[in-house]
Amino acid sequence: MIGLGHYLVVSAALFSLGIMAVMTRKNAVNVLMGIELILNSANINLVAFSRFSSGNLDGQLYAIFVIVIAAAEAAVALAIVLSMYRIVKSVDLDRADTLKG
Amino acid sequence: MNINLLTQIVFYFFAGMTVLSAGVVVFSRNLIHCAFALLFTFFGVAGLYVFLGADFLAGAQVVIYVGGILVLLIFGVMLTQKLYELHLKAETFQFWPAFALTAAVFLTLITIMVRTSWHKTDLQPLDPTTARIGALFMREYVLPFEVASIFLLIALIGAAMIVRRRSE
Chain G
1 MIGLGHYLVV SAALFSLGIM AVMTRKNAVN VLMGIELILN SANINLVAFS
51 RFSSGNLDGQ LYAIFVIVIA AAEAAVALAI VLSMYRIVKS VDLDRADTLK
101 G
Chain P
1 MNINLLTQIV FYFFAGMTVL SAGVVVFSRN LIHCAFALLF TFFGVAGLYV
51 FLGADFLAGA QVVIYVGGIL VLLIFGVMLT QKLYELHLKA ETFQFWPAFA
101 LTAAVFLTLI TIMVRTSWHK TDLQPLDPTT ARIGALFMRE YVLPFEVASI
151 FLLIALIGAA MIVRRRSE
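Quick note, the sequences are listed as chains G and P, same order.
Numbering-wise (the numbering used here), the first sequence opens with residue 1 and increments by one.
Numbering-wise (the numbering used here), the second sequence opens with residue 1 and increments by one.
The following block holds chain G by itself, in its conformation from the complex (with noise of 0.2 Å):
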């Protein structure tokens, strides 16, 4: 039968590669991808407590939040992506470096 373990390993995988995404790319857009993992397997803990541990619906209300502060960070983030892009000529994040000392 699939219980909670299940649903913790898969978020847990998907957590460690939108780490690893986050620190091995130098696109902007690639890190942006990176971060989606990681609200999504947050998202799919919420989920997994709210049936197996509450039994109640507040963990799906909370992933609703978690959605719709992803959608918001997707596009502020982007329209930040393409205004470095106008500046810099590159979305390589090693390039923004306009503010180091």
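Hints were generated in silico from the structure; no laboratory data involved.
Heads up, some of the hints might be wrong.
[Claimed, not checked] Chain G stretches covered by chain P per the calculated footprint, using a threshold of three residues with CB under 8 Å from any CB of chain P:
| id | segment |
| --- | --- |
| 1 | 9 to 19 |
| 2 | 31 to 45 |
| 3 | 51 to 57 |
| 4 | 60 to 71 |
| 5 | 81 to 88 |
[Claimed, not checked] Non-contacting residues of chain G with respect to chain P, defined by C-beta distances greater than 12 Å in every case (computed):
| id | residue |
| --- | --- |
| 6 | V76 |
| 7 | K100 |
| 8 | G101 |
Glycine residues also receive a C-beta, built at the ideal position from the N, C-alpha and C atoms.
Using the hints provided, position chain P relative to the given structure of chain G.
Below, chain P without anything else, positioned relative to chain G:
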């Protein structure tokens, strides 16, 4: 066919699809491949939501992530790469230190998960959740709901402000 076995097969299909396509997102050298693998990850997560009895959330996942965020990310890829030069390569750096750290994080999470005795309740019957979620949003969660709507409006205006060309 045994319904229990069928359930397990479908669960492992969705879980495998989610994790394998997330692996493609992380390890592929081609940005467009990353973006399209992310599509399968989002669909796999939606399938897992269906398994957990969250039907409204599964629909929202498909509509918002696949229809909104993924399209936005693909726009981001297309607008910031020189498509004609076939320069859609995604570089990686510090691969092995990051891999070691990621493996450590994964093993830590699994260890904690195995050692903790999670609180368990009896499984509720799988009812449609949309009406109950709507009622909760209008009663107990009305303040977070309104704050989220204001937050989305602010993010929309902010994103438009950031990409606007300065008129000077």
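key: Non-interface claim for V76 of chain G, where every Cβ of chain P lies beyond 12 Å   = 5 Å, violated
query = Against chain P, does K100 of chain G keep a CB gap of more than 12 Å to every residue?
reply = 17 Å, holds
ask   = If you look at each residue in the segment 9 to 19 of chain G, do at least three have a Cβ nearer than 8 Å to any Cβ of chain P?
value = The restraint on the segment 9 to 19 of chain G holds, since 10 of its residues have a Cβ under 8 Å from chain P and three suffice.
Per-stretch coverage check for the segment 31 to 45 of chain G, three Cβ contacts closer than 8 Å to chain P = holds (count 8)
query = How does the coverage statement for the segment 81 to 88 of chain G fare against chain P, requiring three or more residues with Cβ below 8 Å from a Cβ of that chain?
reply = Our answer is that it holds, as 4 residues pass the Cβ test (under 8 Å) against chain P, meeting three.
key: Coverage of the segment 60 to 71 of chain G by chain P (three or more Cβ within 8 Å)   = Since 10 is at least three, the answer is holds.
message = If you count the residues of the segment 51 to 57 of chain G with a beta-carbon closer than 8 Å to a beta-carbon of chain P, do you get 3 or more?
response = It holds: at least three residues are needed, and the segment 51 to 57 of chain G offers 6 whose Cβ sits within less than 8 Å of chain P.
12 Å cut-off, C-beta based - G101 of chain G kept clear of every residue in chain P = Since the minimum Cβ distance to chain P is about 22 Å, G101 of chain G lies beyond 12 Å and the statement holds.
Violated hint: 6 only; the structure is consistent with all others.
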